[in-house]
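Engineer: Sequence:
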Amino acid sequence: QLQASGGGSVQPGGTLRLSCACASASIFSFDAMGWYRQAPEKERELVAEIARDGNTRYADAVKGRFTISRDNAKNTVSLEMNNLKPEDAAVYSCSAGFRWGGSPDYWGHGTQVTVSS
Numbered sequence: 001q002l003q004a005s006g007g008g009s010v011q012p013g014g015t016l017r018l019s020c021a022c023a024s025a026s027i028f029s030f031d032a033m034g035w036y037r038q039a040p041e042k043e044r045e046l047v048a049e050i051a052r053d054g055n056t057r058y059a060d061a062v063k064g065r066f067t068i069s070r071d072n073a074k075n076t077v078s079l080e081m082n083n084l085k086p087e088d089a090a091v092y093s094c095s096a097g098f099r100w101g102g103s104p105d106y107w108g109h110g111t112q113v114t115v116s117s
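Numbering (the numbering used here), first residue to last: 1 to 117.
Careful, some of the hints might be misleading.
[Unchecked claim] Within a straight-line C-alpha distance of at most 25 Å, the following computed SDA-like cross-link-like pairs (lysine to any residue) qualify:
1) 85 x 105
2) 85 x 110
3) 74 x 13
4) 42 x 73
5) 74 x 57
6) 74 x 12
7) 85 x 72
8) 74 x 23
9) 63 x 24
10) 85 x 12
It should be emphasised that the hints constitute simulated quantities derived from the structure, not laboratory data.
These figures come from a predicted structure and were not determined experimentally.
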């Protein structure tokens, strides 16, 4: 079970930090932990993904602004989002998968991120 938290409303240029806690398994058991987002009337897209070995990948739209990290001891994955833009507004969901670069096997409930002035 994946539980996301940390969403909210910020002004453009602001910062939010999302956190995903895994209650039913160690995140170390997954090859890939990730964050996806879905804005109204848009398809869900990958935002960032982190591998068991710490390798990361990001959507081009967030490179340099977002940072994904994992804390195996706390069993959490976080997404630090800086310099937020209105187009970052979406429902963000965390994911867990057994294959790096593949489709996630598990999804958490989403958390809303709103960016507006």
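Engineer: Straight-line Cα separation of residue 74 and residue 23 no greater than 25 Å?
Structural biologist: holds (11 Å)
Engineer: Take the C-alpha atoms of residue 74 and residue 12, compute the straight-line distance between them, and say whether it is at most 25 Å.
Structural biologist: Violated, at about 30 Å.
Engineer: Are residue 42 and residue 73 close enough, with their CA atoms no more than 25 Å apart?
Structural biologist: violated (35 Å)
Engineer: Take a quick look at whether residue 85 and residue 72 sit within 25 Å of each other, Cα to Cα.
Structural biologist: Violated, because 30 Å separates the two Cα atoms, which is more than 25 Å.
Engineer: Can the restraint linking residue 85 and residue 12 be considered satisfied, given a maximum Cα separation of 25 Å?
Structural biologist: holds (5 Å)
Engineer: With a cut-off of 25 Å on the C-alpha distance, tell me whether residue 74 and residue 57 pass.
Structural biologist: Distance ~22 Å between residue 74 and residue 57 Cα, so the pair holds.
Engineer: Does residue 24 sit within 25 Å of residue 63, going by the straight-line distance between their CA atoms?
Structural biologist: Violated, at about 31 Å.
Engineer: Need the status of pair residue 85, residue 105: alpha-carbon distance at most 25 Å?
Structural biologist: Measuring from Cα to Cα gives roughly 29 Å; hence the hint is violated.
Engineer: For the pair supplied as a hint, residue 85 and residue 110, confirm whether the alpha-carbon distance does not exceed 25 Å.
Structural biologist: Given that 25 Å is the threshold and the Cα spacing comes to 19 Å, the pair holds.
Engineer: Does the alpha-carbon distance linking residue 74 and residue 13 stay inside the 25 Å limit?
Structural biologist: This hinted pair is violated, its Cα atoms lying about 29 Å apart.
Checked against the numbered hints given earlier, this structure breaks hints 1, 3, 4, 6, 7 and 9; the rest are met.
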